[in-house]
Structure formats: C-alpha cells, structure tokens
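Asker: This is what each chain is made of:
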Amino acid sequence: MIDNRDVLVQNRQILLTNLSKPLWPQYTKAQFIEYYTLVAPYILPYLADRPVTLVRYPDGITGKSFYQKDKPPKTPAWVQTFPTWSTEKEQPLEYLLINNLPTLVWIANLAAIELNPWHSRYITPDNPDWAVIDLDPAEPANFSTVRKVALLCKELLDHLGCTGYPKLSGATGIHIYLRLPQGFSYRNSATLIGFFGKLLQRLNPDLITLERQVKKRTGKVYVDHLQNLKNKTIVAPYSLRPLPLAPISMPITWSEVASVFPEDFTLANFNRQITRLPDDPFRKLLAPLSRAEEANIRHLSAMATKHCQH
Amino acid sequence: MRLFSAEQYQNIYQVGDSHMRTIWNGAISFGLVHIPIKLYPTTQEKSLKFNYLHKDCHSPLKYEKICPVCNREVSKDEIVWGYQYEPGKYVLLSAEDFENIPLETTKTIDIIDFVNLQEIDPVYFAKSYYLVPNQGGQKPYTLLRQAMQETGQIAIAKVVLRSKEALAAIRIYQNSVLMLETMYYPDEIKTLDQLPSIDYVSTIQEKELAMAVNLISNLSAPFEPAKYTDNYREALLELVRQKIDGEAIAVPAASGRAEVIDLMKALEESIKASAEQRESELVAP
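Protein chains in written order, with our numbering: chain A, 1440 to 1749; chain B, 668 to 952.
So that you can see chain B by itself, here it is in the shape it has in the complex (with noise of 0.2 Å):
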C-alpha cells in the first residue's frame, strides 16, 4: 500500500519548492522621490504537514460544511458570514459590506533617516521583505539603490503592514536587491533591568580564560549558513523515506513519564475521602 501519490512523493523530496507571490503593492517615498514597489517573503517555515487519512483505508479525509441543525451538508450559496460579537450570537455580512469598508490609503514605505547598520543592534529586526520595482519604478529605485550603495548607508523608514504602523529599515541584500526589514519599536523591546539580577562577581583565573580563548580560536571559522540544518526535520523526512521505501523503521522508546490523572477524577477522588473521613470523625465519640 503506498501511502503517497507520486507527485506528494516528488514534494517530499523538494519541500516547500513554491514560486514567490506578491504580498503587498506600495511606494516608497523619499523627499520627492516616489517608487512603485511589490513586496515579496524573503523566508518560508519549512517544517512537514500531514494528512489525516481513515485508519482502514487510507483515504484522506474529507471535509463537509454540515449543519448541526438542519442535519444536511449545505452548498456554497446557502453560507454567509457572521462575525461572532458574542458566544452563540452573530452579525451578518454581505459581499457589499466589504467591499463598502475603504482600502488602506496609506500605502508608502516613508523613509526618515539614514543611517549605518552597524548602529542598529540585531534584536531590532523583526521581519525580512524583498523589495521589487513596480511599473515606473525601475529608474528611482536603480537610484536609490546606487546611492545607498555610494554613501554605505541604510534607510530608516516607517511602513504600514497589515493595519500595523511598522518601523522598518531599507538595506541592499547581496548587492542587487532592497531589502525591507521590519524593527521593533524601542519600548516592545524588553530591556535588562527586567531581567532577574545579574550584577554578580565572579573570579576568572588567567589559565582558564586563556583555555576559553583557545577554545574559541579553534572553533573559529567562516560563516556558511549551508553547514547548519533542522535536524528533526531531516530525521523525520528520513523516516518517511525509508517508509515510502518499504524500509523496515526503528521506532525510539518515548522515555516514561511520571503518572498523571484527569484533573476532575483527582478532584472527586480528594473531596470523596476527605467526606468520609469526616464522616468517620462524627462516628467515633
């Protein structure tokens, strides 16, 4: 029994090989500079979705918009939406009503500063976008681009995302693209005196930091990104390669856990001894 079709079993080798979408249509601005940018992800999760299939045959389930009450599957233009305000209680909304509500108006990327990107700490970066021209952008966003690239610095900007005022910044990524980069704003950051004390004093003896800068200086090498991988995803692709393959499959012993019990059991255990030996107390004079 093959629990994949060949095209699931071909995106299990390649995970996650889709092509890139538009997610935002905008403009930067710039004194009076405008240019017309489309925003892309720059990343993908890349962890493993699975299907629910019937323990019998295999078949994955399928889903049906049934209704409690009148007990039959309805079709597509018997459903409306509702929003719920409250439990069990709904408003109604047409197409007509979104399409009344008004677009974003604010659709600009505003650059403030410039500044270098070696003032910025890494905690501020929340968020990667690529950054590409739109129609009529070409030429101011070759500008930017070069001057940015002249001057070695990066811009500051504000940016509204989804309904959210975002700080951002502007950089060139591997010398051809913009990159947007969402920040926090200063005060979402948690700063140290939240932390629990950390004003101790330790005595490092001279051997043992000369041995930790060694240990360093052993470790030391360049940066390639392509060394380090998710471990647990490449483990369980494994699994279901070899699993595809027909592969007999060693299966770890989960480690034991010490005894739980359903919270309302435990409670009604408690509450019925602690009665009865009440109860025994009355008895005995």
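So that you can see chain A by itself, here it is in the shape it has in the complex (with noise of 0.2 Å):
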C-alpha cells in the first residue's frame, strides 16, 4: 500500500504520510484529509488570519494528543505565521495562520483533528471581532435541554436587536456567535457575554446555571462566558471533534435548533449536509454590523460593565 504520496496543491508540493493509518476506527488519515479538502471553501474564512491552536492526534482519537500553539519543526517556508511572545512560557511563540487550501492541507496532514483559532485576528491581536456563547449541558441536561436555552437566547437576543449565529459544539453542546463592534477589548467581550449569562439566567433559572464548580452545574446548562477571554479558544465552525462518530461542529440555522442532534453531522455524512449549505448561516458574521446592531451590541456592553462595577 502505498503510504506517502507528494502531492501539488496550488502550486504547492506537499508530502501526505501515513495515509491509511485509521485516525478514527472506522476512518482513515486520507479520508480525514480529505474532508478538510473539500470543506475549505466553507472553514478558511473562520480561520484566515487567526491564529490557531491544533489539536493533534498522530495515532488516531484513542491515542496520546497533544496542543500545539508554536509553528512546529519543518513547517514549509510558504506557511504563514504570527511571530508573538507567550507570557506563560516566556519565550517566542510563532502561531501558524491557516490562510490556504495548501496550509489546511499540510496542517491536516499533521493529524490536527481539532482547529482552535482566537477570536480576534493578528493583525488587531487584542480585539475580538466575535464573542462566543458556550452552552454546556451538566447530566441529566442533555442535548436537548441545550436546545431549549439556545432557543431562550434567540429570544433574548431578539428582544436586545441582536443577531446571534448557533452551531453545535459537536460534542453535547451549543456555541452562539455574536458579530462585534471594531475595538473591542477581549475582556469588554466576556463581561459582555456574562451579562447576558445572568440575564437569560434570571428568565430561566431552572435551567441555566453561571456556577464554576462543575458539580453545582446538575442538571442544568452552563453558560461559559469566560471562553471570550483572551487566549482562549473555542472550536472553528466547520471543525472536526476527537469524538467516536467523528462529529463537527456544524453551523445551523435557527429553524433547525429545535430538531437538529449532534449525530446529524459527521464526518460519514458531510457531503451531503454542506451541499444542503449553498448558504453558509455564518457567513454574515463577517460581515460589519449594521448601525442599528452595533448601537445595540454597544449599548448591552455599556451596561454590563456598569452592572459589573456594582
């Protein structure tokens, strides 16, 4: 069998290993890279000039993975980097920018199961341009306990003037996207989310709970705003998860939340789901805010940092 091929992606040589190695039991290195082949079109704009955390699992989901933030050894010349310096491990950090079909391509080659990109881009590295609302469901909470607070959000957020954007988590839960305004610092984008936490709290408290400890969480779906913080990452839209069915976290449309599972969208099945697509639902969180929006989003980020001084 042959293992390794030396393959040319837009101009680029770049050399497939392992092809065949299962990365899942059930799928192979060459099926795992191809479904970042094909979904390039939809995830390279979530990813273009953020940097990026992997998550790599050279043998496959069941064996050791590990992060990688620095640009590894032998990265190709034409890669693009963010020279930075990490403060936690103070020493140069040079993050990889996934801006390519050849970078995705040479990155999944890498078994990088899992895109974490920032929030913001690193050309403006402190401004977040979206803000994430991570919905997490403590057992017995199930997915669909989940689907009921995001359906709650959508009615906050339409009673606040604000568009959110819904994908799955692809594990168990539900991450809501909000567009921001230019400057905003990251964490005016967590005091931000967290307000609307104790907001959509006080509609529901039986089913939403702020509680940091894990175990004060039962039953109920957390609302994690500290996810918007700076150097925290949450999977890209389009990503795959490290999880048996090989899920990812997909982008949806509101009409869908109410009956859409996790098990929808897999790695088996996402030919036919993106062509469903013609429409990415994110796209438009790209997209500058209207007037109206931004005058919105500005004014609930006005009150939360006023109620947090309180």
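Rather than coming from a laboratory, the hints here were simulated on the basis of the structure.
All values derive from a computational prediction rather than experimental measurement.
Hints should not be assumed to be uniformly reliable.
Unchecked claim - Calculated lysine-lysine pairs in the PhoX-like style (CA-CA distance at most 25 Å, straight line): (1) B:Lys-722 to B:Lys-910; (2) A:Lys-1587 to A:Lys-1723; (3) A:Lys-1460 to B:Lys-910; (4) A:Lys-1654 to A:Lys-1671; (5) A:Lys-1528 to B:Lys-857; (6) B:Lys-774 to B:Lys-716; (7) A:Lys-1510 to A:Lys-1460; (8) B:Lys-825 to B:Lys-756; (9) B:Lys-806 to B:Lys-825; (10) A:Lys-1637 to A:Lys-1513; (11) A:Lys-1723 to B:Lys-806; (12) B:Lys-894 to B:Lys-713; (13) A:Lys-1510 to B:Lys-857; (14) B:Lys-939 to A:Lys-1508; (15) B:Lys-825 to B:Lys-774; (16) A:Lys-1723 to A:Lys-1745; (17) A:Lys-1513 to A:Lys-1503; (18) A:Lys-1460 to B:Lys-939; (19) B:Lys-910 to B:Lys-713; (20) B:Lys-732 to B:Lys-722; (21) B:Lys-794 to B:Lys-825; (22) A:Lys-1528 to A:Lys-1503; (23) A:Lys-1669 to B:Lys-857; (24) A:Lys-1513 to B:Lys-857.
Both chains come to you apart, so use the hints to assemble them.
Answerer: Structure below.
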C-alpha cells in the first residue's frame, strides 16, 4: 500500500504521510484529509488571519493527543505565521495562520483533528471580532435541554436587537456567535457575554447555571463566558471533533435548532450535509454590523460594564 | 512573423522610461512654517511585462465585459459598482456615493523632531518619495532645506499616506531636493529575541580572522550602484532581443522534479486501497 504521496496543491508541494492509518477506528487519515480539503471553502474564512491552536492526534482519537500553538519544525516557508511572545512560557511563540488550502492540507497531514482559532485576527490581536455564548449541559441535562436554552437565547437576542449565529459544538453543546463592533477588548467581550448569561438565568433559573464549580451545575446548562478571554479559544466552525462518531462543529440555522442532533453532522455524512447549505449560515458573521445593531451591542456592553462595577 | 510593433520594440530597449506623476499633494508643517509640496515616487519596479496572444494568429487577446446571466457584452453605461460584502451579495454604489465621502482632511507632514541620520538604523526605512515645492512653497522649502544643510540634521515627521498614519524622515538628497522616507514604527520591527537562539560560542583562530580581514580589504571598493544589475531581467531581455532579431535560441533544460500527483487523486487512491484491504481482511478467516 502506498502510504506517502507527494501532492501538488495550488502549486505547493506537500508530502502526505501515513494515509492508510486509521485516525478513527472507521476512518483513515486519507478520509480525514479529504474532509478538510472539501470543506476548505467553508472553513477557511473562519481561520484566515487568526492564530490557531491545533489539537493533534498522531495515533488517532484513542491515542495520545497534544495541543500545538508554536509552529512545528520543518514548517514549509510558504506557511504564514504570526510571531509573538508567550507570556505563559516566557519565550517566542510563532502561531500558524491557516490562510489557504495548501496550509489547511499540510495541517491536516499533522493529524490536527481540532482547529481552535483566536476570536481576533493577528493584525488586531487584542480586539476580538466575535464573542461566543458557550452552552454546555451538565448531566442529567442533555442536548434537548441545550436546544431549549439556545432558543431562549434567540428570544433574548431578538429582544435586545442582536443577531446570534448558532453552531453545534460537535460534542453535547451549542455555541452562539455574536459579531462585535471594531475596537472591542477581550475583557469587554467576556463581560458582555457574562452579563448576557445573567439576564438569561433570570429568565429561567431552573434551566440555566453560571456556577464555576462543575458539581453545582447538575441538571442545568452552563453558560460559559470565560471562553471569550484572551488566549482562550473555541473550536472553529466546520472543524472536526476527536469523538467516536467524528462529529463536525456545524453551523446551523435557527429553524434547525429545534430539531437537530449532533449525530446529524459527522465525517460519514458531511458531503450531503454541506451541499444542503449553499448559503453558509455563518457567513454574515464576518460582514460588518449594521449601524443599528452596532448601537445595540455597544448599549448592551455599556450596561454589562456598569453592572459589573456594582 | 514579428511579435512586436515598432513602438513595443523601442520599449524593450528602454524599459520603463515613463515620466513622473504626482502621487500626493499636501504640505509640510513645522512650527508656524507651512510648505505646500507635491510627492513623487523615487523608484520603479523594472520587471518585464508580457501579453497574452492567441497561439494561432498571435493576436493580443481582447477583454470583453460579458454578463454571464444575460449572456451578452455590456456597454459602459450599463455598468454599476458593487461591493461584495459576502459571497454573491453586493451593495450598489453610485458616483454620488463616492463624492459624498469626505476627502482626507489631514494632508500635512508634521515635523516632530530633528535628529542625526546616523542615529537611525536602515531597517527603519520603508519607501522613499521626492518632495517638490508646490505653488507658494518655493521660499519656505528652500529655507527648510538650507537650515537642514546648515545643521546637518534630518526631520522626523508624521504623515497620513493612504489613510494610514506613517512615521517618516525628511532628508536632503543629492544636495538639491528634500526626500521623504516612510519609516516603520518600532513595534513593526521584529526584535532579536524572536529569532532562534544566536548566543552560541565559536572560537576563531587568529589566522582565520586575519585571512577574512585580508579578503575584505581585497574586495573593498567605493560603492558604485551602476555596477550591479538584475541578471535575470538582463537575460530575459537578451532572449527577447534575440527572438526579435530572428536568432536561434538555446533553451536551458529544466531540472527534474519529484513525481507529484493531484491531491484528490492521491486521497481517493488511498481510501480505495484501505477499503479493499479491509474487505479482504473480513473475507479471510
């Protein structure tokens, strides 16, 4: 069996390795790379110019995994990077920027199953352009509880005059993205979502919890706002997750929220699912906010900051 | 068959001999002095430009504006501007919309400090422009130039070019004209601590050092920029000239490269092979 192949992708030569190795018991590395190749037009807009943390599974999802932020040795010269300083490790750190198909294919070949981009672009590293309401159920709450809470979020967002863009986390949760106006800081973004969580909890305290301690969340959906802080990341739209069914963190429409299941979107059926979406439900997230909506978000942010000070 | 017109032929021998165009009008301001100036580019890229021709008749290809939906060529007055804000979706802009946008208000080069040129490392310099006095600017321009000549200092200024506020230096070029050098901000320059470790220790023999020093002094010469030429462009030009003059051309053979195959083909082949292997494993006891 030919396991290593030299391929030419948009004029870049890439050596694909161990193509027949299973990354999931049921899928080989070739199938995994094929997924990211086909999904490239959908996923690249959400990765472009954003420093990314990779979660690599060189021996498949049942083997050892590790996080990778710094560019690996032998990174081709044509891969764009963002050199910065790691305050954590006190040494230089060169993030990868997945700005084109060859880079995405090369990164897939590293068995990087999960792609976690920053909420900001490297040009304005301290200004996120989206915030995420991260809904995470604690047992016995399940996905249908999350769906209820997501729809409650939608109601509240409508009331506040803000647009949310939902996607499946790929595990048991739902992520709702909000576009932020220019010049927002990471702290303001987290404060905004924290405040939103408090409003939400007031609407339905039986379903929603803001408890940091996991054991106090039992049976409720946790609204995590801290993922919006600097150096925190959330799995990219259309990224695969290293879970048994090979689920996709799939953007969905609001009308789908009521009936969708995480198993609806996996490596096995992505082809059909992607062609069902000629319009990417997330695409407007990258467009600038309308003036009215920007005013609404800034107003909400001002209330959040004020509330935070008391 | 001549591939080039007489005019083009001429152009090949005098690549890029274009006249200078103003790229910016504004004013230098320092203290109470206000100097109206024009900005001209100082450099030009000199790579050769080629045209697409039809292989059979060598006619230059014509570009037509065709609407793919109506399937016909559209005339100038049928064209409007659209800004694509998401794939397939456009907002329309009229000529009026463009006129309503206020023009850049700050069109000044604000001098902040005067410093010595030697203090600035060349890494800071980005791009140069000639500064020429505009109407009414001749006297203050001459004054500034002479004062800078007298003191031997150069000016550090802030300038808004293409809606970006840039740092810049103003210096005297060839004793006659003021030149603006746009500069990088310090935080745009990558620092040494971002490099891989360079604090290794090597021991150098005295003899080796003497040899290297000797080599340098043998090669040392006054800087004559005209000596240096772009060999690739020269060779390409020479090839074009030979073609025009109908000479035979020797084409160097390209070096071999490893076998590369199409990405999707490689993946499909591997997926098929894995599936077949799995099947045979299922069949075998």
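Asker: Going through the numbered hints above, which ones does this structure break? Give me the numbers in ascending order.
Answerer: Per hint list: 3, 6, 8, 10, 11, 14 and 16 violated.
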